[in-house]
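Place chain L on chain C using the hints.
2 protein chains.
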Amino acid sequence: MKACRQALLLSSSNCHGYSFLEFAKQEISSFLKKNGVTQLIFVPYAQNDHDDYTKNVTTVITPWGFNVAGLHTYPDPVKAIKEAKAIFIGGGNTFLLLKKLYENNLVNLIRERVYTGNLVYIGSSAGTNVATKSIHTTNDMPIVYPPSFDAIGIVPFNINPHYIDNLEKDTHKGETRDQRINEFIEMPHANLVLGLREGCILHVDGESLVLKGVAGAVIFKKGESKVEYPVGTDVSFLLNN
Amino acid sequence: MKACRQALLLSSSNCHGYSFLEFAKQEISSFLKKNGVTQLIFVPYAQNDHDDYTKNVTTVITPWGFNVAGLHTYPDPVKAIKEAKAIFIGGGNTFLLLKKLYENNLVNLIRERVYTGNLVYIGSSAGTNVATKSIHTTNDMPIVYPPSFDAIGIVPFNINPHYIDNLEKDTHKGETRDQRINEFIEMPHANLVLGLREGCILHVDGESLVLKGVAGAVIFKKGESKVEYPVGTDVSFLLNN
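Quick mapping for you: the protein sequence lines, in order, are chains C and L.
Just so you know, the first sequence maps onto residues 1 to 241 in the numbering used here.
Just so you know, the second sequence maps onto residues 1 to 241 in the numbering used here.
In isolation and in its complexed conformation, chain C is listed as follows:
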């Protein structure tokens, strides 16, 4: 099956120096227009207050020229996704989000519809984590137990959103982000991790992957040193690893 997938995977919705989603406005707008989308279903499952979360996103995106409706307002989520042309899965807690997607039988459905070119996908933070192979590289606290860590798999590798070096204070002895990612990389089921800095967007266009937005990304591979890539880099080679 040749992949017709169309996806924008944002590291986060917030980025220092920008208002909520502002750094991604141009990318989201041109991506949706290019795909002929005017109507968007927002998936607020990563947070507890679905109404409030959907309202915050709608307030920002509607003025860009798109209609937004929360998935939680549809009586049948499966039917809603089957009829949708585009979804935006927002950030929050990745475990909460993935559990809810499984409970509503949406994981396989979203994967199938994205791969067959029938559903355009935008994800941010937790919404980006669930778009990858698995949620093994989320930064979130495991507040609920999902039936699996396997995720939608729009890309066949793992992403670490909100990627940052040297997060911790020097006197704090908790592990650094790089140590955590390298712990994962050592596992037999791990291959590579794309660390998206806040402000970075991975644009997935079929077999083409390009770094967009206002910040770059870092790639961690088994047995190799991490490598930094700036905005604009074609990282399609990640599909062949």
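Heads up, a few of these hints could be off.
Which copy is meant is left open, because identical chains are indistinguishable; a pair holds if it fits in one copy or across any two.
[Unchecked claim] Straight line, CA to CA, 30 Å or less: simulated DSS-like cross-link-like pairs of lysine-lysine:
| hint | residue 1 | residue 2 |
| --- | --- | --- |
| 1 | Lys-133 | Lys-221 |
| 2 | Lys-222 | Lys-55 |
| 3 | Lys-173 | Lys-55 |
| 4 | Lys-173 | Lys-33 |
| 5 | Lys-55 | Lys-221 |
| 6 | Lys-222 | Lys-173 |
| 7 | Lys-34 | Lys-79 |
| 8 | Lys-221 | Lys-173 |
| 9 | Lys-212 | Lys-173 |
Hints were generated in silico from the structure; no laboratory data involved.
Frame of chain C; chain L shown alone:
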């Protein structure tokens, strides 16, 4: 069943200003001596290199007057734990640790032996997480999928080790530790979380819980503001919440 449990739950093995485990030397030594223990089994499952990890711990603890052997050196871990008087479960990755404990059928066994007063328990970081009700409040990355987040349950609440306020840089938009813990507290299955600052030790002596070490702790409860408690506080009330 009246709890005869004897446990020392360390926030971490490393603490700023001290060498490995040094801040806990007096507490560990007097705790083991009081319980008539001279032989200790070290459980290195939270890290990949069991030999190396056990060697590092042995090098520090042997001069204190205790014999240490790695659990991985015993052909039958269940038999080893059944015959052990004391264990020390070290830190690393909580998911890796809990999965390995389940694989080796040790979770229920350790719980039973601790509650009947036949096994003295020392845990640090991930080893403290697995000693609680569940691992929902670990800081670690979910690098493997354990069969459950339920843990040994020596205490009937959750602990966040390496607790710190305002970890992130001001310009970073990832969630703070307090936001993450409060996300958990909102869940129906959550009750309270004890955040152990690095250098803090929870001493469990039957029905008595006391904060020891060189730093205090913070308690998060549903619908309440967090409360700070200094070293020396009797927090036995946590058993009645």
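Structure-based check of all given hints:
no.	hint	result
1	Lys-133 x Lys-221	within (15 Å within a copy, 35 Å between copies)
2	Lys-222 x Lys-55	between (42 Å within a copy, 26 Å between copies)
3	Lys-173 x Lys-55	between (39 Å within a copy, 20 Å between copies)
4	Lys-173 x Lys-33	between (47 Å within a copy, 28 Å between copies)
5	Lys-55 x Lys-221	between (39 Å within a copy, 28 Å between copies)
6	Lys-222 x Lys-173	both (25 Å within a copy, 28 Å between copies)
7	Lys-34 x Lys-79	within (25 Å within a copy, 64 Å between copies)
8	Lys-221 x Lys-173	both (25 Å within a copy, 25 Å between copies)
9	Lys-212 x Lys-173	between (34 Å within a copy, 19 Å between copies)
Of the hints listed earlier, there is not a single one the structure fails to meet.
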